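Trainee: Input sequences plus hints: build the corresponding full structure.
As you go down the protein sequences, you meet chains A and B in turn.
For what it's worth, the working numbering labels the leading residue of the first sequence as 1096, then goes sequentially.
For what it's worth, the working numbering labels the leading residue of the second sequence as -8, then goes sequentially.
None of these hints come from the bench; they were simulated from the model.
Since this is a predicted model, take the numbers as computed values, not measurements.
Built from N, CA and C at the ideal position, the CB exists for glycine as well.
No incorrect hints appear here.
Simulated restraints, written as ranges between beta carbons of each label pair: (1) L101/B to P1104/A: 31 to 41 angstroms; (2) L122/B to V1161/A: 34 to 44 angstroms; (3) K1157/A to K75/B: 37 to 47 angstroms; (4) D107/B to N1224/A: 43 to 53 angstroms; (5) K75/B to I1228/A: 17 to 27 angstroms; (6) G1134/A to I59/B: 22 to 32 angstroms; (7) G1126/A to S23/B: 19 to 29 angstroms; (8) N1224/A to S45/B: 43 to 53 angstroms.
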Amino acid sequence: MAERQSPTPGEITIMVAGGVMLIFSFLHFAGDRNAWQSGLFPIATLLPLYGLIMALEIALTKFGSVKLPESVLGFTWNQIHLALGAMAALMALGWLITDYGDKQIGMWFEILGGIALAVGAVLLQRERNTGAIG
Amino acid sequence: MDKLKLSTANLIIIVGGVVMLIASFLAFNKFSRASFDVAGVHVGGTVSYSAWSSHYFLIATIPALLGIVMAAQVAIDGFASGVKLPERVLGLTWNQIHLVLAFQATIMMLAFLIQDTSPLDKGLGLFLMLLAAIALLVGAILRIQEKPSGTI
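Mentor: What follows is the structure, encoded as structure tokens:
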């Protein structure tokens, strides 16, 4: 039986960020509403969804022995992680700056998670020597 | 002179980016109350908020900024012969970057369209920004079909 490789720091960062973002998306985001409730859905739900996609891809291929297509619309999975991570960080910055009333714990963890996804995606490029960064 | 000739895809992206920028200053959400005069004083009417208003900046401004970046890249590439942009950024070709930015702008505008904003109504700016985002996505896809670089 082939030995399963342990996850790299980049992969761990993305999986933890994705999991944390999903859990905290059900806690108060702004006022007394979470990211899935009327008034915030689906604009505030995009961040945890991006995290979920990134975390699932790594979890499925690393631990689930699932074989996903090598590229989607001409993007490799490494490129998809980079693009989703960058857009997640942009939305995190957007929510950080936007004066949307009371920022609650759910929003703070979505912001931190979005930044963590971008960091994880950058680490992933380095670990897998994609040549995209450094 | 050939430099001044834009492809259909690039033209759509430039127009989409300009419409997106203009629309971002129009009413994103608005609040209408019955309007009437009381003792010569006008009461009520419509209050509107653009994508740059404090309650919406930066989250609703992101699609406009993405459109500006796309249009600016096309304009620089097409008209500024002295400026040479790198062929790839973070390992992505410009075709791929256009697709990512346009997809993000469209998905965000669709999210704003679906979002329940009551008691506020959705304004013309929001609808125009959505149309511009879709145009940007169409432009990005056409660009790839015109100059394929392994995407789609």
